[in-house]
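Sequences listed follow chains P and F, in order.
Just so we're on the same page, the numbering used here is the position in the first sequence counted from 1, plus 16.
Just so we're on the same page, the numbering used here is the position in the second sequence counted from 1, plus 716.
Please keep in mind that the hints were generated in silico from the structure rather than gathered at the bench.
What you are looking at is a predicted structure, and each value in this text was computed from that prediction instead of being measured.
Backbone N, C-alpha and C define an ideal beta-carbon position, used for all residues, glycine too.
Incorrect hints may appear among the rest.
[What the hints assert, rightly or not] Examples of chain P residues toward chain F, derived with CB under 8 Å:
hint	residue
1	Asp28
2	Tyr31
3	Ala35
4	Ala39
5	Val46
6	Met65
7	Phe69
8	Leu89
9	Cys100
10	Ala104
11	Leu105
[Unchecked claim] The following residues of chain F were derived to be distant from chain P, with all beta-carbon distances above 12 Å:
hint	residue
12	Gly816
13	Ile830
14	Gly837
15	Gly838
16	Ile840
17	Phe843
18	Ser844
19	Val847
20	Phe868
21	Met879
22	Leu881
23	Ala882
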Amino acid sequence: MSDTAEHEHPSDKQYVGIAAVLAVVTAVEVALSYVHLGNANAPLLLIGMVVKFFLVASFFMHLKFDSKVLRRLMISGLVLALFCYIGALSMFRQFDKDQRQQIKYTPSGIIQS
Amino acid sequence: MTTTAVAVDHADQHGHDAHAHPPTSTGVSNEKVAMWAFLGSECLLFGALISTFFLYRDRAPLGTVKPHDLYDIPFTSGSSFILLMSSLTMVLALSAFRRGEHRRSSVWLATTAILGAIFLGGQIYEFSVFVREGMTMKTNPASSAFYVLTGFHGTHVAIGVLMLLALVGMIARGKLPQAKAEVIEIAGLYWHFVDVVWVVVFTVVYLLPL
Numbered sequence: 017m018s019d020t021a022e023h024e025h026p027s028d029k030q031y032v033g034i035a036a037v038l039a040v041v042t043a044v045e046v047a048l049s050y051v052h053l054g055n056a057n058a059p060l061l062l063i064g065m066v067v068k069f070f071l072v073a074s075f076f077m078h079l080k081f082d083s084k085v086l087r088r089l090m091i092s093g094l095v096l097a098l099f100c101y102i103g104a105l106s107m108f109r110q111f112d113k114d115q116r117q118q119i120k121y122t123p124s125g126i127i128q129s
Numbered sequence: 717m718t719t720t721a722v723a724v725d726h727a728d729q730h731g732h733d734a735h736a737h738p739p740t741s742t743g744v745s746n747e748k749v750a751m752w753a754f755l756g757s758e759c760l761l762f763g764a765l766i767s768t769f770f771l772y773r774d775r776a777p778l779g780t781v782k783p784h785d786l787y788d789i790p791f792t793s794g795s796s797f798i799l800l801m802s803s804l805t806m807v808l809a810l811s812a813f814r815r816g817e818h819r820r821s822s823v824w825l826a827t828t829a830i831l832g833a834i835f836l837g838g839q840i841y842e843f844s845v846f847v848r849e850g851m852t853m854k855t856n857p858a859s860s861a862f863y864v865l866t867g868f869h870g871t872h873v874a875i876g877v878l879m880l881l882a883l884v885g886m887i888a889r890g891k892l893p894q895a896k897a898e899v900i901e902i903a904g905l906y907w908h909f910v911d912v913v914w915v916v917v918f919t920v921v922y923l924l925p926l
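Build out the structure end to end from the sequences listed, making use of the hints.
Below you can see the structure in the form of structure tokens.
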């Protein structure tokens, strides 16, 4: 298949079906936020988020059916953002851990070391 | 015959707008590639804002209100549902336009704009409640990160609503011929992206426990 190959887009009925799946996943996510499953809550919520993200990107944004060039553009932006910010967050968290041992928040909002 | 005429003729023969543009090296119109490149760069912008929120979401001096203390999950879930459904109406607008049903496409586009405006109204209401409860932009790092992230998203929704209304106006005045369905597709890409960003924001900001 060439990089520019395109496929038939879904029908209106299929779009409505995808929207129904999105609504159900959102409802499950909201319900999950009220149920305490210990450490399982966060991964389950993130899985729901990823499923919704890919459904919208693949079908509503037609990434599944459009040229591969567009898929690569989106995926490279996503991967770059993920690596960049996971790296930055880990770095900040590490510095933050060292710093929090010295900083105290006061009711007046003034930070004293 | 000019290049544009050839392209439009080609599109008419195939009953599809996908090739209604001058030939490009990628086979995809430059406008569409540009929109995708823009959306790729937007991933970095929202990535930065979401990371900042993650970093500061529990940073609040004792006695000040954090965003997590004020969330109204049922209300925000309703707003999120409305925005998700606006993606459906957007895609139905494009589908109708491609079939040549311009009037129906206008109705779907207007519906999308109304759903977007309802979402925005909900966000303004949420912000006003938070401010009344004592959480302003300057209250603490957590509140600043919250307002900047959700405010930036809201601004994107507002721009999207204006874009949709402009499209409705163009269709009404007959300034959007069948061969230019890609204009609606490109506006739709922006709208779906705004929706997809909210999918992430809703989960990581509102639903994930501290």
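Structure-based check of all given hints:
1. Contact between Asp28/P and chain F, as hinted, is supported at the beta carbon level, the nearest pair being about 6 Å apart and thus within 8 Å.
2. With 8 Å as the threshold, the beta carbon of Tyr31/P comes within range of chain F, its nearest partner Cβ sitting at about 5 Å, so the hint holds.
3. A hinted interface residue such as Ala35/P counts as satisfied when its beta carbon comes closer than 8 Å to some beta carbon of chain F; here the least separation is about 4 Å, so the hint holds.
4. The beta carbon of Ala39/P is positioned within 8 Å of a beta carbon in chain F (closest approach about 6 Å), and the interface hint is therefore held.
5. Among the interface hints, the one on Val46/P holds; its C-beta lies about 5 Å from the nearest C-beta in chain F, closer than the 8 Å criterion.
6. At a threshold of 8 Å, the smallest CB-CB gap from Met65/P to chain F is about 4 Å, leaving the interface hint in force.
7. For Phe69/P, the interface hint holds, since its Cβ comes within 8 Å of a Cβ in chain F; the closest pair sits about 6 Å apart.
8. Using the Cβ-Cβ criterion of 8 Å, the hint placing Leu89/P at the interface with chain F is satisfied: the shortest such distance is roughly 4 Å.
9. Annotation: Cys100/P was flagged as interfacial toward chain F, and the flag holds, the nearest CB pair being 7 Å apart, inside 8 Å.
10. Because the beta carbon of Ala104/P sits about 6 Å from the nearest beta carbon in chain F, less than 8 Å, this interface hint is met.
11. Annotation: interface hint on Leu105/P holds; nearest CB of chain F at approximately 5 Å, less than 8 Å.
12. Non-interface status of Gly816/F relative to chain P is upheld: no Cβ of that chain comes within 12 Å, the nearest being about 14 Å off.
13. Separation of Ile830/F from chain P is adequate, the least Cβ-Cβ distance of about 17 Å exceeding the 12 Å criterion.
14. With 12 Å as the threshold on Cβ separation, the claim that Gly837/F sits away from chain P holds: the shortest Cβ distance comes to roughly 20 Å.
15. With a least beta-carbon separation of about 15 Å from chain P, Gly838/F lies farther than 12 Å from that chain, consistent with its non-interface assignment.
16. The Cβ of Ile840/F sits about 22 Å from the closest Cβ of chain P, beyond the 12 Å cut-off, so the non-interface label holds.
17. The claim that Phe843/F is not at the interface with chain P holds, since no C-beta of that chain comes within 12 Å of its own (minimum 21 Å).
18. Residue-level check passed: Ser844/F sits 23 Å from the nearest beta carbon of chain P, beyond 12 Å.
19. With a least CB separation of 17 Å from chain P, Val847/F remains clear of the 12 Å interface cut-off, as annotated.
20. At the 12 Å boundary, the C-beta of Phe868/F stays outside the reach of chain P, the nearest C-beta of that chain being 15 Å off.
21. No Cβ of chain P comes within 12 Å of the Cβ of Met879/F; the nearest lies about 16 Å off, and the non-interface call holds.
22. The non-interface label for Leu881/F is consistent with chain P: the shortest C-beta to C-beta separation is roughly 20 Å, beyond 12 Å.
23. The Cβ of Ala882/F lies farther than 12 Å from every Cβ of chain P, with a closest approach of about 20 Å, so its non-interface assignment holds.
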